[in-house]
Structure formats: C-alpha cells, structure tokens
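Generate coordinates for the entire structure from the input sequences, incorporating the hints supplied.
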Amino acid sequence: MMFQYFDTLVTGIENVLENDPSQKSHRKLYALEVARLGRRLYSGTDRLAWCGVVAPFDLLAAMGVTSCFVEFIGAMLAATGASSEFLKEAEDAGFAPDTCAYHRAVLGAGRKGMMPEPDFFIATSAPCTGGIGVMENMAAMFKKDLFVLNIPQNDDPASVAYLADQMRSLADFVSRHTGQPLSMNRLAEAVTYSNRAAAVMSEVYRLAEHVPSPVCAKDLRNFGIVAALLLGTPQAVTVAEAFRDAFAARIANNTPGVPGEKIRLLWIQNRVQFKNNLEDLLENEFHACIVADELNDVTWDPIDPADPFPGMAKRAISIPLNGPVERRVKHLADMARRYKIHGAINPCHFGCRQGTGARGLVALGLKQVNVPVLNLEVDCVDTRNYAPGQMHTRIAAFIEMLENRGNPWG
Amino acid sequence: MNGPQLKLAGFACAYTPLALLDAAGMTPFRVLPVGGDWPDQAGTLLHDNICPHVKRVLNRAMAGDVPELSVMVFMNSCDAMRRLYDAWRAIRPQDRTFFVELPPTADENAVPYFVNALKRLAGELAEAGGDPIDQARLLNSLVAWKTIANLQDELRARVRRGSFPGGPARLQEIYNQCASRPFSDTLAALDALVRAPEEAAGNKGLVPVLLFGNVLPDPEAIALFEQCGAKIADEDLCTGSRLFAAGDPGTDPDPFRQLASMILGKPPCARTFDSSAPLSFARNVLSRARQAEAAGVIAHVVKFCDPYLARLPAVRETLRQQQIPFLLLEGDCTLGSLGQARTRIEAFMEMLR
Ligand code: SF4
Ligand code: SF4
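Keeping their order, the protein sequence lines are chains V and X. Note that this note's numbering has the first sequence beginning at 1, numbered continuously upward. Note that this note's numbering has the second sequence beginning at 1001, numbered continuously upward.
Here are the computed distance ranges between Cβ atoms for each label pair: (1) Ala-1188(X) <-> Asp-98(V): 40 to 50 Å; (2) Pro-1165(X) <-> Asp-92(V): 42 to 52 Å; (3) Ser-1287(X) <-> Asp-98(V): 24 to 34 Å; (4) Gly-12(V) <-> Gln-1340(X): 48 to 58 Å; (5) Gly-1247(X) <-> Asp-98(V): 23 to 33 Å; (6) Lys-275(V) <-> Arg-1353(X): 46 to 56 Å.
Below 25 Å or equal to it, Euclidean Cα-Cα: the simulated DSS-like pairs (lysine-lysine) are: (7) Lys-1146(X) <-> Lys-1266(X); (8) Lys-88(V) <-> Lys-1303(X); (9) Lys-28(V) <-> Lys-218(V); (10) Lys-314(V) <-> Lys-1119(X); (11) Lys-1119(X) <-> Lys-1146(X); (12) Lys-112(V) <-> Lys-88(V).
Please keep in mind that the hints were generated in silico from the structure rather than gathered at the bench. The beta carbon of each residue, even a glycine, is placed where N, CA and C say it ideally should be.
Shown next, in the form of structure tokens:
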C-alpha cells in the first residue's frame, strides 16, 4: 500500500514535469525526491536502515543503504490524515498517550505492518530520549540489530572524537550487515555532495532573509530536516539549487512569497504536520509570513572529505535541538536578527520534553532581542485534540499585538 | 545537619558519581522532590508535561529551599534532566553547576568517554573548592561506596526477613539520609544498624511483590504498600536501592575506569540499556521478580517519564506471558498521588492472595 502510494506520487510528478516543463518548480522537485526516497524505503529491494534524526545519512548513502529517520513516517502519516489509526494502535499496545505522537505513530505503524522490515536500526540520542526508546522497541519488534549513536551535548574535542569513533564503529556495523566494506573514496564523494548541498542551502536561507522575503510559509516547511535525508547524493544539490534559483528569481522579479508582507515570523522546532489552515490564516488574513524555521539552517562547517568522521560528528552535535538551551536560544536570537523577525511561534508539541521543556527559557531569550513568542499547545501529529478555533483566536491576538508594537527592526 | 564546614555537592540523579564527590571532600546532597510544599512555578520555565521529579526539584530551587551548595552536578540522563540543568542555571546563577555526559549504553566507545567525563568532573570539583582527587583518594572512596552498598544490602535482607524494625519505610528514611551525608557518617550509621541485633518486625501474612520504578522517596509512601498488604520482597527505585548499587569495577587499576564500570554496570534505570539485547529491561524485571519469589510486580513511575514509558509495554507483556500480575502506578513522587491509588493497590494485593 505504501509502496503504491509513493510510486503513484513519483509517477504523477514525473509525468507532470515531462508533459509540462513550465510546471517545474522547486517544491515539485523536492516532493519528487522525497517520494522517490519513500518508494525506495518501501520497495523491498533496497538495503534499509531505520534511523534516529541525526544519523549520518551521507555515510549510509555511501555504503549503499537507503535510510530514513522514523519520525518522517510519523509526519507523513499525519500529513496524509492517517495518523489517528496508528496512534490508537500504539496506545492500545500500552504506549502512553502523553508521549511524542511522532513516535507513537511509528510504533503503531510498525505494529500494523506499515513499516518495511529494515536490515538494521540506528538510534541517535539526539534530539530526544523518546527517540531512543522507540528505536529499541522497533528493534525488538523486528528482531533486528540496533546500533546506538550517543550524541554528546557539546562539541569539545573529546566529545567530537567520541562521536567520530562511534561513527567509525557504525561503518563497521553496517559493513558487517551488508558484507560491503566502506569505500573511503565513495564516502569522500558523498561528503562532497553534502558540502555542496549545505553551501547551496545556506544561500537559500540567506535569500529567505530578504525583506520582503521570497518565501511563503509552505516553501520551506520541513525543508532542513527532510533535506538531510538526501545528503551525500547529487539530488541534495539539485533540490537545493532549485530552491535557490526560485528565490533568487522572486527577488529579482520583486515577487514576495506573501504579497504585502507585513509580519515576519520565526517558527520554532517542527511545523504542525497534519492539514490545517494556520499558515493560510497567517498569510491571507494578516499578511504574516513564516520566513524562518528554527531547523532550516546550516549549523555546521564543511566536512573534510579526506577525514570526514569528525566533521560529521560536529554536524550531528550542532543541530539546534541538541545541547544546552543557551546555545539554542543564541541560535534563535541570531536567526531573529538575520531574518528581521517580528514574532516567533512555538507550537510546544505535546509530548516533546526536550522541546517544550525549553519553552520558558526560549521565550525569555527571544524577549531579550525584542521578539515576543507565542507558545501554543498543540500536538503536531495527533489531530484528535486539535482545536482550530482556539488556535485561530490565539494567533489573531498575537498578530494584533505584533502589529501594534510596530517593526522592531526600524 | 549541614555544618558550615561541609562542602555540599547537590545532585538529582541516581547515576551521579557520589564516590567522586566524596573523594573531593564534598558531601553529597540529594535535592529530593519531596519535603516541602513549594509553589508550583516550574511549569513557567519548563512545561507542565515534564516529569514531576524534575518539576518538583525545580519548584524547590525556585522557592529557595536548597542550602548553599559548593557545586550542583547534573547527569545527562534524559531530556527532562537536561532541561532541569538549563533552568537551574537560569534561576541559581550563583551555583557552580556541572553537567556530566552519561552514555545510554556501555559499549566500547562509551566507557572511555565516560571515564574522560569523570576525570573532567574531578578537575572541575577541585576548581570549585574540592580537594584534588588522586588515585589513592578515589580508591578509598570506591571502597567506601562499595561498603555502603554492602551494608545496605544487609539491611534489605533484614527487611525481607522481617527482622528490621520499621521495615521498608524505615529503610527508605535511611536511604534518604545516606543520599545527603558525608560517606563517613553514612558508613558509621549503617555499621551501627547492621551491628544491632535483628528483631522480629512482623511482616507475616504480607504478600511478596517486586517494586520497581523511579522516584518515590517518601517513607510514608513506601509504608503504604505494607499497609495494603504488600511485602516488598525486592525493590528497584532510583531513590531506593539503586542510588548506592554498584556494578562490577572490573580489573583495570585506574580508579576512574573502575568508577565508570561501577556506574554503567549498576542495575539500570530505563534510560540505560544494552543495544545488543533490546528491551532487556523487561527481562531484568522478570528475573528480579523470580529471584524475589514475588507474587506480583508493582511499578511506580512518575508521569511523563519517557525512559520508563517506552519500556513499560514490554514489561507488561513479558510479565503477562509469565502470568505474573502487574500493577502500574503513575504518580508525581509524592504520597498524595500514591494515596489516591490506595484502592488500586489494595485490590491488587487482594487479587494476589
Ligand atoms: S518532537 Fe520532540 S520528542 Fe518528538 S521526535 Fe521531535 S524532538 Fe523527539
Ligand atoms: S523520572 Fe524519568 S524523566 Fe524524570 S528525571 Fe528520572 S529518568 Fe528523567
């Protein structure tokens, strides 16, 4: 069923692009590559690893393993309106409803045979404790080997060396399962693609900073986190270039993402994954645009293709959801300055301890750079308690407040 | 209790290297989440859906009900603990606060890294006014730790035999005292208790159960189980036996290496696991229940604790397969929340009879 879904998606987009090249857009290219990844995941032919969020996807690509973080499936089930059934399945099996719904959806999907059997699992201790728990359960469910990457909180030399060593051990673990040794040449090639993609993604984000911004809320939704799945491949570069070119053209043509842009918003952590009209409401009613997402940033330096493990380790440590909250706040404040943000929205995804547990200090930190934060109470995956009316009221009040205080950036 | 000469080292997690604090000439001080009626303010910094252990520890700190600390040591045990570390520094900037990486597994890369983290902490403690830790000092503290663990083992055995007056509730009081005293005082107190003759304490007619979970430090809460007819035949709580329980130190002469092995080899909290044996936590619960000849298993887990919530379905299933009755209590570390569960505990015990 899932293979069918992704296959139809791939064929549909390919047909459109072939028959009507004018329809070619950055979002379509991106959707195509994501659908192709989905098709490979469910093909039953590829070597497959289910992973944690910050696994080194370029290393896995270089080793011929199709890989994906499991939360992607949780988000996809939510986006297609199918999450409730799987959440219920997990809850019926005893997984508490007050845990992260990305994880519950995945556990439910695993139990209902909707997750293809992988060759092995790779858990990552960042961004969250719940993530390791779900991988341990999945490994037991599928009776497959589990490798755990412990991601330290800081990038001091000992921590980087430790994670780099773990990644070397991971390569050995993968080799043992695939029977293929790691080719350092292939890894260097993959890392070169990652570096090129990261450089172009940085350009994309710099273009998004433009006032008015060339982006609308949908353009870069989930972009940074999902694009990581393409790292190590030429597709990562192609997709990033398509975004860059689209935004550059919009700026050149004076076509902002949200016509009449008035309010520039920063979205904290993940977007709401199921269909909702919050973004439309913001853009159409208030000319407010989500110009920046916390996770849309390149927080790491180029990786040395000749000695890639330390650079890959630093990359994993650098993600905004890892490390002490001070670092996270610093990054958010920096984004606020770069993007000339008027206000930030934190969905406070129910069940995410690492994220919601930081909400007070995040709000205080952004207040110090004169950026108010709207803390919502929403489960980004589980629609069952979603109260759109209440959301709209709170967002409307927040935007009105932002309008009344004027532009903090002059 | 805390004379001016004591250098208090605050902590909140059972994985804290207490022997290192002792070797630095410091007195461990466990910031327990019970003992005061603090205003509930933690949600403003954290979120209401964070584990009540962490919230209550923060409430306590926000209410100023923590003595002057020379240092406060946090372990990287889980998301909630990381956020507590962040919030603590925001509300008590005057504290010297340290954060120690704690690998979730004890694999070949993790052990040396943890050794390194412990060595770094030793240096930080010395900079914060602690004594410099040399090998001999640390070895002495390791011996003291192990001795405390053995003495506590003996007291547990007496509780099981029904020959320790005050039973498990008194033992819990002792655990709490051990968590916030110099090792030397703890050794002396435990030694005196063990030397005292055994006395019949009357736990006849109670049904043996295994009690496991995380944070339940209130002796009255522990007493409640007995009042409901349970004999705690074995217990695995992070505010109970697990604090001083120690793994095998191994054969490495480096005491830091021994310390790392003893900590990573402790009976695991759900946040630590063996990646080569997924969900072995559930099998460990089963084998402890069998060893204790428990008629049933009671879990007391604080709400919103992701490490436990992720492993409880496996525990339930493993016990179900072996037809061992299981009762799950979710609480907020306090007697109050457990008191509400009294009827459920009584009904469970009734069923076990
Ligand atoms: S939302 Fe939070 S708990 Fe859920 S997967 Fe993401 S980081 Fe983990
Ligand atoms: S009770 Fe659970 S969530 Fe809370 S600090 Fe302990 S391990 Fe973490």
